[in-house]
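Based on these hints, arrange chains B, C, D and E on the given structure of chain A.
Protein chains in written order, with our numbering: chain A, 4 to 504; chain B, 15 to 515; chain C, 5 to 102; chain D, 17 to 280; chain E, 2 to 585.
I should point out that these hints are in silico values taken from the structure, not numbers from a laboratory. Beta carbons are placed, not taken as given, at the ideal position from N, Cα and C, and that holds for glycine. Heads up, a few of these hints could be off.
[Said to hold, decoys possible] Computed footprint of chain B on chain A, listed as stretches where at least three residues anywhere in the stretch have a Cβ under 8 Å from a Cβ of chain B:
1) 62-75
2) 145-153
3) 187-196
4) 356-363
5) 386-397
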Amino acid sequence: MNNSLATLLPGLIVLSSMVPGAMIFLVREESHLLRTVLNLFGAVLKLLLVGVMVWAVWQGNELESRLVIAPGLELVLHADALSVLFATLSTVLWLITTIYAIGYLEHSPNRSRFFGFFSLCVSATVGIALAGNLLTFVIFYEILTLATYPLVAHRGTPEATRGAKIYLAYTLTGGLLLLVGAVWLRTLTGPVDFVEGGVLSGMPPELHGQLIAIFALLLAGLGVKAAIVPLHGWLPQSMVAPAPVSSLLHAVAVVKAGAFGIVRVVYDVYGVTFASELGLLAVLSVLASVTIVYGSLMAMTQDGLKTRLAYSTVSQVSYIALGASLLGPVATIGGLVHLVHQGIMKITLFFCAGNYAETLGVHKVSQMDGVGRRMPWTTLAFTVGALGMIGIPPIAGFVSKWYLGLGAVEAEQHWVLLILAASTMLNAGYFLPILYRAWFRPLPEAWPKEHVFDTRFETMGALLWPPVITAVLCLVAGLLAAAPFSPLEWAQLIAKREYGL
Amino acid sequence: MTPESAFDSAALDNLLAAPLVLAIMLPLLGSALTTALPRLAPLLGTLIAVGTAGAAIWTTVAVWTRGPIHLVLGGWDPSLAIALRADGMAAALVLMANLVGLAISVYALGYFRAPDRAQSFWPLWLLLWAALNGLFLAGDLFNLYVMLELLGLAAAALGALTGSRDAITANLRYLLVGLVASLTYLFGVALLYTAYGTLDIGLLSSAIAADEPSPLDAAALTLMVAGLAMKSALFPLHFWLPPAHASAPAPVSAALSALVVKAAFYLILRLWLDLFEPILDLSASMLLGLLGAGAVLWGSWQALRAERLKLLAAYSTVAQIGYLFLFFPLLAATPPGPSRDNLLAALLLMALTHGFAKAGFFMAAGLVQTNAGHDRIDDLGGTAQRLPATTFAIALAGSALIGLPPSGSFIGKWLLMQGAIETGQWWWVVVGTLGTLLSAAYIFRVLSRAFGLEPTPIKFVTDARAEVPALMLSLVSVAVLGLASGPLWTLLGLNASGGGA
Amino acid sequence: MGAQFLFGGVGVVLFVLGLWSFLVHAPLLRKVIALNIMGSGVFHVLIAVAYRGDTAPPDPVPHALVLTGIVVAVSATALALTFGGRLMDMDKDGTDDA
Amino acid sequence: MTKDPGRSGADARNDAAAAARAAERDRDLSLLLAVLLTLIGIALLGIYWLALNEAEGPRLADLALGLVPRTGVDNPVTAVLLNYRAYDTLMELAVLLAALLGIWSLGPAPAGFQRSGRALAAMVSWVVPLLILAAGYMLWVGGYAPGGAFQAGALLGAAGVIVRLAGDPSAGLPGEHAQRALSVLGVLVFALVGLALLWLGDGFLTYPPSLAKWLILLIESAATLAIGVALAAAYVGGRPATAPASTLASGKAGARTEPTGEGN
Amino acid sequence: MTHWLLLATWVWPLLLALPASGLRLRGDWSNRETAAAPARHVPWVALGALPALAAAALLPLGTELALPWLFLGTFMGLDETSRMYLAFTSLVWLAAGAYAAFGERGSSANRGRFDALFLSAMAGNLWLIVGQDLFSFYVGFAMMGIASYGLVIHDGTVPALRAGKVYLVMALLGEVALFAGLVLLTSDTGTTRPSPVDLTDLSPLTIGLLLAGLGVKAGMVPLHLWLPLAHPAAPVAASAVLSGTMIKVALLGWIRFLPVGAVALTDWGEALTLIGLATMALAVPVGLVQRDPKTILAYSSIAKMGLLMLVLGLALAQPDLAPLGVAGVVVYAAQHGLAKGGLFLGVGMRKHAAARGSITQALILAALVFLALALAGAPLTSGAAAKYALKPAVEGARWAWISTAVAIASVATTLLMARFIWVISRTEPHDEPAWVWPVAAWSVLIALVALFPFAVGEPESWLSNADTVGVGVGIAAVVALFAAQRPHVLAPLIGLVPPGDLLALIGPLLAALQQMGRHLLDDLGLLWRHLDATATALFMRLFGSAGGDSERGLRQWPVAGALWVGIAAALLILLLAQQPLVAG
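Only chain A is shown next, with the shape it has when bound in the complex (with noise of 0.2 Å):
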């Protein structure tokens, strides 16, 4: 590979979607065209980035960009087999959601801020996605924070700015801990990138209480993004967010960002092993446990369809939590692979949340009889995603179930199989319902809000196709899983490198 390449990718990837982003700020508003095409331009150009940055890492390269932003600050981004995972997450389904949003706002106002945002926080994600170290971790999980608040916000009601204050105290609060957090730990062990394996084990044990101290600020920090109870408040309020801006907080995003930062924190910082002889991920993994039980048990007492699919992220999340806070490489491999899995999956079921409520004006599980009828593609992928998210094969859940399960029995942890007994149980609590009252029961006489577009399909094409992309994105995950380039094979790769295997 290309030395000058390789060196520059990691950044280029980064810009491909920041800089369409800035420049969309400056469209005027009817230009439509123009926006739409700076739109599928950064997408397009960031996917084949990315599929080089897929296919070097694959080979075994290094990429890293560094950037030095003050003596001994380094910004640092670097391709590694983690990075890729979850960058190329994003990149796919920022593609389709880019897609969808074109769709979901074509005639409401302010788009273009809306898509610069919506760049800048695909942007940012990546950057997380590829940071190489805490300090460049901390920088973009802060522009997340800044360039989803005010998609967040879009809408301009007052619930929607209710909202979104609530989701910046919440996650700017997160944030500075997370801040306070990296920066202790910089006072002891002077600036370090993320390295497989971690970089602490070597402390002297006299650190070791500091070390807890600043795990329990990071994970703090994290916590709040990745909504592990009690941080997860800011998550259902959210909701009031256009559809694509859920898909994208929940999916790709927002709390993906926390859950991968746990990932980074205990794998590629502190090292599993030694933050497991910490006692970190006894605390962890029940933290992670708590919050799949609360998580699903909120979720069944929602009426509301967005804020039951928010408290089902809040719950599907801890698996990643989870999974890395079991010792031993499979349950590495369940978490990691949740994280891909859980998006396509969850960005499934917003997706089709916004198309019922673009289309029919249903916005609660309790209007939702016979939209199986009315809307049946959409109900179609929503029964992919929802069967998924209770762990039913061939969908990918039951592959990340799977090997959290397993690995939960190699680290000799077999409650935590009660744990996701329970939270399939209460997933199919709350998903079920759903999708009997979606295909058994009646069409009402009269939708809440039926929308009519110009299109022989149940849909918008826009807001059709990207659901059952999705959706056969989750069918494909989880019966190619064992096939070559499957998320699955990269967390295995992960895992193996992390473990040194």
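Positioned in the frame of chain A, the structure of chains B, C, D and E alone reads:
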């Protein structure tokens, strides 16, 4: 440097002197010219602004390439004559002040439409500018007094430019504060002259270092710092600042908040570090740190409670100055070395970032005010949404004020926290964290107004002459200072190897 | 030495007195006068430095400093008084809290 | 932001109560301040005493006096003012200019005083030329004896004050343009001389000994005029009227009630 | 290339599911009438099981197909057991498919849904049979389980919905337990395609979870609660496969994932035997008092599964019995699958295929009697042959009384069948047109049942079992006579135990628990909302603007000055404190 050698190297001196002298004399001449030719004031003023900024850049380049410049005016013995000196710190501040000044000038072109206001503004503004450059480049304690007075008078006069009762009241108070403060400072100078018989900072510094610490040093330092602390609005002596800055016209507010306050702070820093270091111990620095902490918390809190945008910005200045004072106890507790260098650079970086950001913020706020006819935050919704570029500038500047990455103050805060943890003074971390949260709260209180149900803006920039300078300044504070602050270390002549631990 | 302390000491006292007066008295005119008294105090101290015994000529530097200081004080006084006058014109009720 | 909200009755009552409380507080505080400042004063006196008792510190006097012959003037104070520390002086002129500009920026001048009676007018017509003459002398004498631009300027200013007291609202000053030009003359000449010297290679404000005397004289003359005009104009207390002074309305001509610039 | 047929067994029905569903991409969606109306119904569903049948018939034993890229690594193959399973499963699905395609009526929109779900369940059932690894088993199991839920509630009636709910909860519990069991199994053995030898070291937890997880599907008492509700509630075609094939997969799972024949699990084996006995002991009496013929059949299925569990338990406890025992279980399962499938389909025929009193009805009734006899194990029927296959295991058991128990059970089954015939013969048919294809398919099934003993069984088995069936028929005849003359004596017994038996006991308990849980949740929710509201209000107040000027006092010169002087004094003191008062 003996007189002979000064004469010998006159040619070189001249060349080196030119930018320093021009940076002070050009605006002074400009002030005279614009006074004499009021009709041409905007044109002349702009030309002079460009020239002055050029001289400032030249100064910085000269310092960058040749190291600190020390220039004795008149070719007399240095103890007798007045010296100008430009080291890295001065050069950095001069550069910031002049770039901000240039932006303010361009902005003012659009802001002051009424000819009589413009005629009043330009000469005073250029005088203020001359005073600023003179202050930053001065090497003589008495000359500093004159510069302080010039600065104070010009600033008060500019602040009262709106002619409203509030403005005159506030700026009369400001004038009196300036007078009493500079007299107190002068008293300290007089005591020093009594003891050491010279006014040159360099000579005094070595004299103080050579002598035993004496009570007179303590008294002089106390008087000078007390005066300057009042001028730099250190909590709780900031009482004059919010009304004065909030009632001034926007370009003036920008200059006052971004530059003038900074100048007084710069003098304290110089006294503290250059002149009186031998007689200082931790406790005195701790006192300043405590006051700084009070400023951070109280200023941010007040900003959060402020009803008007410009008042908010003014209180934010109080808080930001507080951050700068937090560095004093850290500097005192850190032995010379990379850590101390980092702290010093971080301090400067925060000052610079605040300079750019606050100026941008005030300019944008002024634009909002002009557009809306008022600046009550709660009623700004529509205006903020009509002016995307301005809101964007507020957002960017705001994130620099909060210290979110990738702004320069993020780096500054990072190093501040790092220093605090390294020296065991962890309580400053708590202060910084709380301050950051509060600042985020007040900034986003404003920004959330930009998301409403108002009509969509047609284009990004509506009034380039007014909006672009604000946007550029904000952008500099975020992007340039945040991502490329490395050169600052070089400019300061610090060991750029970094190394946190 | 004695004369020097006498002159300078008076300067110190004047400064402190002026400061007290400045802080305590509300009317602008009194404040301005107090400021000038403070200034005088400082000038006294400076002039005391210039004294080098009865035989030697005095040090001209402090003299020059004092001269400069006086002009600055005059300028500031003028501006402050104009401000005050402007305020009084605007609002006969009082001087606000300045 | 500038509108003065009319205060309601409740506010007024509250204000009254608050004022009473404030007065009481001020009494306590002034006592506290007195004690504090007394202590600080005593401490400062003590420190000052100690400092004077120390071995005589270095002084600039010998150096300054020794170099006077090379300054182009004979009066050491003038040498300091216009040569050793000429930069200070230049800036001091700028301070004066700043004050004047500040005064001008507040609006047109208030009305002048009642035109003087005959006796006063006669006296003024005698005194003013004398003052101008004395100013000239002062300027000249500054080269070798106490005196100089400031003293001269002060005399000129005093002349202006007298004229205004005698009833000329413009204090005998010329029209706006001339006034503006004269008031910046000092700064302008001073700065241009300095820059010219820099341009010529001598260094900023570094007079070649041969020209020093004349350059200083030039600067001093300009400064004198500028100071005089500035002081007089400052006394007038407002922007010079473009129109003839007599048309100024009496009373509250200067009390502007227009809203702020940014409000509209 | 023929081994790809293994893949086709389950891919084909899955692929058919999409066209069968009748979903259209384009249409006039805004029109309510046309939006709901699907495309023309095409009977794809009848063809779903063809590749499976072909595979069972054509592929040689030992055919393998490894697809490591598929799912988590898929391995398909055909051994004795799976071929037998594949054969009877595909036959039952084919017959039921024909019935579903032509016999099931109802709104055409719902038919598409039914067909798609039917095909999905079929695919799952076939996948788990041909798949030799545990992932295939679990995928198939789950697909089948979830899709069946849709089949159970298809009619949307209240009993169907209730049955569906019970089914779903229990099926999910079963799946979860199976999941955990398989995870533990993988962890214990380190492979996902365990041979019996690999399984010797299974932990008790693993075995328990596997038994319980599959036990739900198998109708193991007390996990059978869903079965008597769900099987009758489903449409006929679905009941046929539910009872005929789907419950059998539990046995397949046990055979594959328990160390049958590899090691003696005495405790577990005996426990399974006793549970099997208990299952029979409960199912038959309860079945006898049911009204609905399909419920009776369902209980019969439970009883039969009990029998098979019993035998499997014996094999588990005594490895020497395993080869014959497992073979017997498989044969019996096949026999029961075909016969039970036929019986369920026959109920549908009886109800709808022809008018009352027609020849067809008579023939149908006769066929039902034949099937019932086969199920009861009458000589010359498939039942006799199958039961004969079980004999070695039963007689080889350590517990001698097992044979007696089995014989009693045989008698009881006969009684149950007699009760079924009694009920079905009194059922009023409501004939519908166009029943040719279902009847034809059914006839083929019956023919297969009739041929079964001669194809599979050994000749000596043909005439076995006459005694027990004879006793049963005799008792039945006596009871029938009695009942005909004195209906009021036995009448109160009918319906004494509602379908789902124990559920009636558990129901209130669950309801009470649910109530409590809801209260608790409500209270917690209230508390949380209160806290949340308080926090939010506080937060909003912070963000809200404030009035007043809090620095008015500070701006008073004496106040500010005192602070200033105080700070200066403090600074001075701090600075002086570190140096001697008199310098030098």
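**Indices of hints not satisfied (ascending)** = Violated hints: 4 and 5; rest satisfied.
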